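Each chain sits in its own coordinate frame; assemble them with the hints.
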Amino acid sequence: MSDKTIRLSSAHKEGFLTGNALLSSGIIIAPAVAAATDFMSALALSIVFCLVTYITVAICSFVPSKLVYTVRIILYTLVASMVYVLVRQLMLNLMPEEFLGLGIYAPLLITNSLITSKTETKFYRRKRSYMLVLAGFYVLGYASSIILFGTIRNILVSGTFLGYKILPVTFPSLTTLYGGFILLALVSALYRGLVSYAVRKGTRNDSLS
Amino acid sequence: MTAFLEILMAALAAITLDNVIFTYAIGTSTLLECAKKPKQLFSFGFFITEFSVVASILVYVAELFIKDTSWGETVLPIVCILALSVVYIVTLLVIWFAARKWFNSLKRYVHLSAFNCAALGCLFMNSINAGSLVQRILFALSIGIGFMLATYLLSINYKKLTSNEVPAAFRGFPVSVLYIGIIAMIIYVSKI
Numbered sequence: 001m002s003d004k005t006i007r008l009s010s011a012h013k014e015g016f017l018t019g020n021a022l023l024s025s026g027i028i029i030a031p032a033v034a035a036a037t038d039f040m041s042a043l044a045l046s047i048v049f050c051l052v053t054y055i056t057v058a059i060c061s062f063v064p065s066k067l068v069y070t071v072r073i074i075l076y077t078l079v080a081s082m083v084y085v086l087v088r089q090l091m092l093n094l095m096p097e098e099f100l101g102l103g104i105y106a107p108l109l110i111t112n113s114l115i116t117s118k119t120e121t122k123f124y125r126r127k128r129s130y131m132l133v134l135a136g137f138y139v140l141g142y143a144s145s146i147i148l149f150g151t152i153r154n155i156l157v158s159g160t161f162l163g164y165k166i167l168p169v170t171f172p173s174l175t176t177l178y179g180g181f182i183l184l185a186l187v188s189a190l191y192r193g194l195v196s197y198a199v200r201k202g203t204r205n206d207s208l209s
Numbered sequence: 001m002t003a004f005l006e007i008l009m010a011a012l013a014a015i016t017l018d019n020v021i022f023t024y025a026i027g028t029s030t031l032l033e034c035a036k037k038p039k040q041l042f043s044f045g046f047f048i049t050e051f052s053v054v055a056s057i058l059v060y061v062a063e064l065f066i067k068d069t070s071w072g073e074t075v076l077p078i079v080c081i082l083a084l085s086v087v088y089i090v091t092l093l094v095i096w097f098a099a100r101k102w103f104n105s106l107k108r109y110v111h112l113s114a115f116n117c118a119a120l121g122c123l124f125m126n127s128i129n130a131g132s133l134v135q136r137i138l139f140a141l142s143i144g145i146g147f148m149l150a151t152y153l154l155s156i157n158y159k160k161l162t163s164n165e166v167p168a169a170f171r172g173f174p175v176s177v178l179y180i181g182i183i184a185m186i187i188y189v190s191k192i
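So the protein sequences, as listed, match chains A and B. Just so we're aligned: the first sequence equals residues 1 to 209 in the working numbering. Just so we're aligned: the second sequence equals residues 1 to 192 in the working numbering.
A hint or two may mislead.
Residues from chain B that keep clear of chain A, each with C-beta distances beyond 10 Å, as calculated [claimed, not checked]:
{"hint": "1", "residue": "Ala3"}
{"hint": "2", "residue": "Ala13"}
{"hint": "3", "residue": "Val53"}
{"hint": "4", "residue": "Ile57"}
{"hint": "5", "residue": "Trp102"}
{"hint": "6", "residue": "Leu106"}
{"hint": "7", "residue": "Phe124"}
{"hint": "8", "residue": "Ala130"}
{"hint": "9", "residue": "Gly131"}
The calculated lysine-lysine pairs, modelled on DSS-like cross-linking and capped at a C-alpha distance of 30 Å, are [as the list claims (entries may be wrong)]:
{"hint": "10", "chain 1": "A", "residue 1": "Lys122", "chain 2": "A", "residue 2": "Lys4"}
{"hint": "11", "chain 1": "B", "residue 1": "Lys39", "chain 2": "A", "residue 2": "Lys122"}
{"hint": "12", "chain 1": "A", "residue 1": "Lys122", "chain 2": "B", "residue 2": "Lys159"}
{"hint": "13", "chain 1": "B", "residue 1": "Lys107", "chain 2": "A", "residue 2": "Lys127"}
{"hint": "14", "chain 1": "A", "residue 1": "Lys122", "chain 2": "B", "residue 2": "Lys36"}
{"hint": "15", "chain 1": "B", "residue 1": "Lys160", "chain 2": "B", "residue 2": "Lys191"}
{"hint": "16", "chain 1": "B", "residue 1": "Lys101", "chain 2": "A", "residue 2": "Lys66"}
{"hint": "17", "chain 1": "B", "residue 1": "Lys36", "chain 2": "A", "residue 2": "Lys13"}
{"hint": "18", "chain 1": "B", "residue 1": "Lys37", "chain 2": "A", "residue 2": "Lys122"}
{"hint": "19", "chain 1": "A", "residue 1": "Lys201", "chain 2": "A", "residue 2": "Lys13"}
Rough simulated footprint, nothing fancy, chain A against chain B, three-plus residues with beta-carbon under 8 Å [stated by the list, open to error]:
{"hint": "20", "segment": "19 to 28"}
{"hint": "21", "segment": "74 to 84"}
{"hint": "22", "segment": "87 to 97"}
{"hint": "23", "segment": "111 to 123"}
{"hint": "24", "segment": "164 to 171"}
Don't read these hints as lab results, they were simulated from the structure. These figures come from a predicted structure and were not determined experimentally. Just so you know, even glycine gets a beta-carbon here, dropped at the ideal spot from N, CA and C.
So that you can see chain B by itself, here it is in the shape it has in the complex (with noise of 0.2 Å):
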């Protein structure tokens, strides 16, 4: 029980206090597009979090070959969009064969989670630190999982933020990033 407790208080952690959107700002554009709709947040999550991990372990495989090369940081990059490209496709294939009357109103969340900061940010950040397949993909997940509740906290307070009681100027974006930078001087200062 103590290990489950201590594996949901760092699967916390992970989500708030290391949550990629407030403390490193990857994926923020996605972030003000998807806050929009509140209702295609689990769809936008699920793919961001699925295009993350599964790219993480294709990463990881392809580091295997080139991470003792001279020019294996330098193709990293490529690796990463091949790595991404490959999921991206499998996804759709799968959808289309599994859920195909879902196919139209799926594919939009597909195309838009696949090269997008916040997968790619995640790959980058995992080769970085180098971890063992499993810590990738757990980070992977919280980076999924951070990006839902990011998305979430912006969601509950957007039509307030766009509403005409903001000044034009402050209105829509310049307010919404000025509520995110609040949120992560929250999270700075609880890190402290």
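Same shape as in the complex, but just chain A (with noise of 0.2 Å):
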């Protein structure tokens, strides 16, 4: 395998699994807890988070390193409060009603925790391409493990998926707040029993062979 395709599988397994934003380092919870109650809330929120995250980090990225840490971040929440506004009137066009049955919980991904630290504890750390991937890869895993969440809840919820009944019992508590923290509590462990799994099985392939 050449350098690139080591770094780019080890900024994917990073960005999905070991380092997932909200299944294993539990961070950015409550726009899933509170807001990603269905299929399209979810889809509708990691849009949001995606354009506002991905492009702010991008932007950022040309922030001089040599400013003091309090005015980066300023800027790095500026910028990102800046194209909330733009993506805002682009969701109002695209999903207006999921866009506002987000409420605050858009807004809120403005000072989400992969613009407020990752950027200066990983992502600027590296050089501009290949943080441009991680960056990419953590922000996509996010984004799809909202969906995920909001999938599963779709489905304990009203035992339907896209029209289609897939289970015979419905969970309707799950739709409140309480409900979501304690299904992502679940979620999570079983994400990381997995993961867990999977990277013990796979080192024991590598030591085999």
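Below you can see the structure in the form of structure tokens.
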């Protein structure tokens, strides 16, 4: 395998599996628990998150690291809020009902930890080309996990998915905030268990070969 | 005395039954981080309260100029970030000039309290509720104090939640979220 392939694979594994923002690291919880109550709202949330976070991270990578931390963080969040204003207009045309249903949880994504924390501790410590790939995998990792979470919640709450009946029983209380917390805990534990098993199996296969 | 008790009961309800962590999930990630070190509870709580209260006043003033415009709602997130930025810089300057020997230890809390969901969420909720200045300040106070209470509730059991007795897949984040979910459920039932 070439260096480029190895680095891509490593970034993919980190963003989607071991460093998954929602299910492994437990950051940016509020929108998932409170707003991703069904598939469509999870989809709307993930689109807003992807656009706001990735565009902000890409633009702010040009902010000189010589500036003091305070000024850098202010610039990051200010850029994020400007990007959000544009994304808001886009979403109001694209899927207005679902977007408005997100309430304050959509603009709260301006101060999500990938922008205010991971930029400084992880992304901007790498070369820009690799950083853009790594940030992309982190963003997609969060977006896919929130869609997965919203889909599971949708199925458990209504017993259906996109009009097809899937479950004979329903759990309507999972639409509540506490239901969201409890479901997130269970999905996260299951996810971490599976990732840990996959990593152990991979290590065992490597040592055998 | 009755009026004082009524205010006290309202304040207690605001930080327990209407606690933003347990009723809106706002600031949950910050809470999980703060609970790891209970010693930082008051520092974080103080700065989150300060940011929420002072920025609420600034946003209230800004809203007087933009609320009747067609673009007021659109630019509100930018206004909120600018208000938090002003409080952020002023807070750091005040600490630098008034308590320079504690600057290095306090600046970390200021950095983490400035741009998080608890402070920003407070500003958005205040704008949506469109209350008076006093109502906004009281709400901001309830967010900061409520955040401290939520952090305390999590921190007292944090060691148990991260101990080896908890199955590996559940240890740490999942069981902490489960714990917060159970408290949120108790509050939800108490309000019915």
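> Minimum Cβ separation between alanine 3/B and chain A greater than 10 Å?
Replying inline: holds, 32 Å
>> At 10 Å, judged by beta carbons, does glycine 131/B keep clear of chain A as stated?
In response: holds, 15 Å
> Would the least Cβ to Cβ distance between alanine 130/B and chain A come out above 10 Å?
Replying inline: The claim holds: alanine 130/B sits with its nearest Cβ about 14 Å from chain A, beyond 10 Å.
>> A cut-off of 10 Å on Cβ-Cβ distance, and tryptophan 102/B was said to be off the interface with chain A. Does that hold?
In response: Fine: 17 Å to the nearest Cβ keeps tryptophan 102/B off the interface.
> Straight-line Cα separation of lysine 160/B and lysine 191/B no greater than 30 Å?
Replying inline: The given pair, whose Cα atoms are some 28 Å apart, holds under the 30 Å limit.
>> Check whether the Cα positions of lysine 122/A and lysine 4/A lie no farther apart than 30 Å.
In response: The hint holds at about 19 Å.
> Holds or violated: are the alpha carbons of lysine 36/B and lysine 13/A at most 30 Å from each other?
Replying inline: Answer holds: lysine 36/B to lysine 13/A is near 27 Å, not above 30 Å.
>> Using Cβ atoms and 10 Å as the threshold, tell me whether alanine 13/B really stays out of contact range of chain A.
In response: Given that every Cβ of chain A is farther than 10 Å from that of alanine 13/B, nearest at about 17 Å, it holds.
>> For a C-alpha distance cap of 30 Å, please report whether lysine 37/B and lysine 122/A respect it.
In response: holds, 23 Å
> CA of lysine 101/B to CA of lysine 66/A, is that 30 Å or under?
Replying inline: Roughly 24 Å separates the two Cα atoms, so the pair holds.
>> Just to make sure I understand the rule, a stretch counts as covered if three or more of its residues have a C-beta closer than 8 Å to a C-beta of the chain. Does the segment 87 to 97 of chain B meet that for chain A?
In response: holds (count 3)
>> Hint check: lysine 122/A vs lysine 36/B, CA-CA at most 30 Å. Holds or violated?
In response: holds, 21 Å
The structure is inconsistent with hint 7 alone, although it conforms to all the rest.
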